[in-house]
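Chemist: Guided by the hints, dock chain H onto chain L, whose structure is given.
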Amino acid sequence: MTPLTAPEPAFGRAGLAAVAGLIVVWEILGRLQLTIFIPSASTVAAAWWGLVRDGTLSRSAGSSLVSLLKGFVPAAIFGVALGLAMGRFRTLREVLDAWINALMSAPLSALVPVLIALFGVRDTVVAATVFLFSFFVIVVNTMTGVRGTERSLVEMARSFGAGEAALFTRIYLPAALPAILLGLRLGAVQAVKGMVVGEMLISLVGMGERLIYYGNTFLIPELYAVIVSVLLVALVSATLVQACEHALVRWK
Amino acid sequence: MSEPVGIAIARVSKSFGAVQALSDIEIQVKAGEFLALIGPSGCGKTTLLKCIAGLVPIDSGRILVGSRAVSGPGGSEASLVFQDFALLPWATARENAEFGLLLRGAPASERKSAARRALAKVGLAGSFEDAYPAELSGGMQQRVGLARALAVNPQVLLMDEPFASIDEQTRRILQDDLLRLWSEERKTVVLVTHSMEEAIYLSDRVVVLSPRPGKVHRVFEVPLPRPREALDVRASADFARLVDELWQILKRLQ
Chain L
582 MTPLTAPEPA
592 FGRAGLAAVA
602 GLIVVWEILG
612 RLQLTIFIPS
622 ASTVAAAWWG
632 LVRDGTLSRS
642 AGSSLVSLLK
652 GFVPAAIFGV
662 ALGLAMGRFR
672 TLREVLDAWI
682 NALMSAPLSA
692 LVPVLIALFG
702 VRDTVVAATV
712 FLFSFFVIVV
722 NTMTGVRGTE
732 RSLVEMARSF
742 GAGEAALFTR
752 IYLPAALPAI
762 LLGLRLGAVQ
772 AVKGMVVGEM
782 LISLVGMGER
792 LIYYGNTFLI
802 PELYAVIVSV
812 LLVALVSATL
822 VQACEHALVR
832 WK
Chain H
-11 MSEPVGIAIA
-1 RVSKSFGAVQ
9 ALSDIEIQVK
19 AGEFLALIGP
29 SGCGKTTLLK
39 CIAGLVPIDS
49 GRILVGSRAV
59 SGPGGSEASL
69 VFQDFALLPW
79 ATARENAEFG
89 LLLRGAPASE
99 RKSAARRALA
109 KVGLAGSFED
119 AYPAELSGGM
129 QQRVGLARAL
139 AVNPQVLLMD
149 EPFASIDEQT
159 RRILQDDLLR
169 LWSEERKTVV
179 LVTHSMEEAI
189 YLSDRVVVLS
199 PRPGKVHRVF
209 EVPLPRPREA
219 LDVRASADFA
229 RLVDELWQIL
239 KRLQ
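In order, the protein sequence lines correspond to chains L and H. When the count follows the working numbering, it moves up by one through the first sequence with no breaks and lands on 833 for the last residue. When the count follows the working numbering, it moves up by one through the second sequence with no breaks and lands on 242 for the last residue.
Any given hint could be a false lead.
Which stretches of chain H does chain L cover? Using the computed rule of at least three CB atoms under 8 Å from a CB of chain L, they are [claimed, not checked]:
| id | region |
| --- | --- |
| 1 | 2 to 13 |
| 2 | 101 to 111 |
Residues on chain H that point at chain L, a partial pick, calculated with CB under 7 Å [to be verified]:
| id | residue |
| --- | --- |
| 3 | 41 |
| 4 | 44 |
| 5 | 47 |
| 6 | 61 |
| 7 | 62 |
| 8 | 68 |
| 9 | 70 |
| 10 | 120 |
Facing chain L, according to a computed beta carbon distance under 10 Å, are these residues of chain H, among others [claimed, not checked]:
| id | residue |
| --- | --- |
| 11 | 71 |
| 12 | 72 |
| 13 | 133 |
| 14 | 199 |
Keep in mind that the hints were calculated from the coordinates and are not lab data. All figures in this text were calculated on a predicted structure; none of them were measured in a lab. By construction, the Cβ of each residue, glycine as well, lies at the ideal position given by its N, Cα and C atoms.
Chain L on its own, in the form it takes in the complex:
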């Protein structure tokens, strides 16, 4: 059976056209040489290629991606687990809800100095920042998904004798799956933000360190080249999670 609607691609024709248009405008603005802070797109591309060839980008991006995974994977696992538990158990929800909401909307970069005090100036701080940035949105989405489960589905399963474990695996978990995956997608984007923020604040490793360095030394084309690379990482992360969504939630 074919799905009712084809999944929407992350980048449709209009989206690609918009990106192409932006690059053209950027190139023109750069060629006008208004200020050194707007280098042309082609200069940035050349700088990007230079960073790729001398290994700077792969070194810094490699370090960044390791931190991203070290922060995001635990955030995904513990975030989903806590979200499921909070969705199912009222007491836990009542105890933690205010905290989760406060921390989700708090400016988490303010916590990075605390992390530095805890872990020292190391890439562990970056992984911890990634975790903090992505954890809460995953928790909240998972919890919302569980709580949105149709009551009649639960009643139906109980009427056939489903116990607590069967209800969880056969009803609550699959019912919450679309919300969980949405949470993971938003969490992946947040994780990239956390990665850059953490790296910029400790100024020692990864693409964030490069941003600070090129910014301070006025190597503007290189700065833009790293910014574009960060955007690419965010886009690829979100697209990967979305691919999982399409594979797992075929019934929507």
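Modeler: What follows is chain H alone, placed relative to chain L:
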């Protein structure tokens, strides 16, 4: 095939907090009977059905399905059919029809063949088996809901306004199909409905409940000949007269 069993509801009361939903309900459903529960909203008809299913615990009294006293959900004698179908949106029609058997731990091969048989009984054999609920019309979704209930081979079908959200033309076809199934399968059926025509057309007896608290107000015999689906009973004068008599009873309860 399993023999149908009766249901004995004796002095059943149920309160939700300060609100008394059911008061001293006394109903005997005969084995193989088609019984309808009707009444104004707030009369507790759906609550009573859920009590029979064991989903809602009763405060006092006793409900026997066959020889087993209902003490909780999951008894194998009765299956529920839901107003909103309660289909798993992530599962195909066949997987939905298998779901009751899955929860009861039946092996995969047995589940598959029982689900196939049940889907065929409700007219959904073949390509519909692999369709997701979102790809099916409301009427077809409820056929899947009915197939899921039948797949576990219950002796009793408990139906909670099963056709309320289905359009009139499809509803009539489903009612006829249900009557045909009922005469072939010999199940005891308890149907909650708010449609007087549906109650009269389908059932042997109609129990009229009065609201706040829910009480048995009248038990109404429906002496229409069967098989009604073949005899064009809806067009008969007797049918119209019985619907009107039921209306006269219900009108005074509003």
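Chemist: Next step is simple, just say for each hint if it's right about the structure.
Modeler: For each hint, the structure was consulted:
Beta-carbon proximity to chain L at under 8 Å applies to 0 residues in the region 2 to 13 of chain H; the threshold of 3 is not reached and the given coverage is violated. Here's how the region 101 to 111 of chain H fares: 0 of its residues keep a CB closer than 8 Å to some CB of chain L, so the rule of at least three is not met and the hint is violated. The interface hint given for residue 41 of chain H holds, since its Cβ lies 5 Å from the closest Cβ of chain L, which is under the 7 Å cut-off. Against a cut-off of 7 Å between C-beta atoms, the interface hint on residue 44 of chain H is violated, since the closest Cβ of chain L lies about 10 Å away.
Because the smallest distance between the Cβ of residue 47 of chain H and any Cβ of chain L comes to about 19 Å, over 7 Å, the interface hint for this residue is violated. Below 7 Å, beta-carbon pairs count as interface contacts, and residue 61 of chain H has one with chain L at about 5 Å; its hint therefore holds. A hinted interface residue such as residue 62 of chain H counts as satisfied when its beta carbon comes closer than 7 Å to some beta carbon of chain L; here the least separation is about 3 Å, so the hint holds. Interface restraint check: residue 68 of chain H against chain L, minimum CB-CB distance 5 Å, threshold 7 Å, status holds.
For residue 70 of chain H, the interface hint holds, since its Cβ comes within 7 Å of a Cβ in chain L; the closest pair sits about 5 Å apart. With a least beta-carbon distance of about 5 Å to chain L, the hint placing residue 120 of chain H at the interface is held under the 7 Å criterion. Taken as an interface hint, residue 71 of chain H checks out: its beta carbon lies about 8 Å from the nearest beta carbon of chain L, inside 10 Å. With 10 Å as the threshold, the beta carbon of residue 72 of chain H comes within range of chain L, its nearest partner Cβ sitting at about 5 Å, so the hint holds.
At about 9 Å, the closest approach between the beta carbon of residue 133 of chain H and any beta carbon in chain L falls short of 10 Å, and the interface hint on this residue holds. Checking residue 199 of chain H against chain L by beta carbon gives a least distance of about 23 Å; that is not within 10 Å, so the hint is violated.
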